Amino acid sequence: NIKGLNPNELASFHICDRKWNKKQEITLIDMSDDMNQINDSDDSDDTGDAEFKKASISMEDAVISDFMDDPHQRIIYEHDFLHLKTFYIELLKSFKALPNIKYPFCSYSLGEIPQKEALITHDNDILDEESLLDIMDENDEDNEVYYDESELDGFNSDFDTNNL
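Read in the working numbering, the sequence shown has 1206 at position 88, and its numbers run on one by one without any break.
Just to be clear, a hint being listed does not mean it is correct.
What the hints assert, rightly or not - Here are the simulated lysine to aspartate or glutamate pairs, DMTMM-like style, with alpha carbons at most 25 angstroms apart:
(1) Lys1214 - Asp1184
(2) Lys1137 - Asp1187
(3) Lys1211 - Glu1127
(4) Lys1141 - Glu1178
(5) Lys1211 - Asp1188
(6) Lys1211 - Asp1187
It is worth saying that the hints were derived from the structure and are not from the lab. Treat the numbers as computed from the prediction; the structure is a model and nothing was measured.
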């Protein structure tokens, strides 16, 4: 787990080429459809030939080290698709594990993980996610939809306004 990230959110690793083009996805849950997809020409390598994108596999069945086939392998980690956080990971060096170091080891990090999403209203009130959910629940109590006759002017005679 990465400190500050909710482990219950969906996430994916993407094995990339040296230009950060995504080649294979490793998903938190199995989402494969057993079909290989062809990349667009934008995702081709230097030779200009389109490559086949490998079917995605789940994190449960994957070991990241099995995908390290380049001395400078690049991987993208995407976390929480609704409030997306993207991490660009590059292998710098590989060596025998030392007994006094805890792995995996991050040798360089830039930036801070954003705090919870907040909304600033027109009254300059700052609302966090829980406050927004409370407001939505309050408004949900009156979930009947009312229409004014003038709102229905664009509909033809087949539209029956008596069933509203």
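Hints versus structure:
no.: 1; hint: Lys1214 - Asp1184; verdict: 16 angstroms, holds
no.: 2; hint: Lys1137 - Asp1187; verdict: 15 angstroms, holds
no.: 3; hint: Lys1211 - Glu1127; verdict: 30 angstroms, violated
no.: 4; hint: Lys1141 - Glu1178; verdict: 19 angstroms, holds
no.: 5; hint: Lys1211 - Asp1188; verdict: 10 angstroms, holds
no.: 6; hint: Lys1211 - Asp1187; verdict: 12 angstroms, holds
The structure does not agree with numbered hint 3 stated previously, though it agrees with all others.
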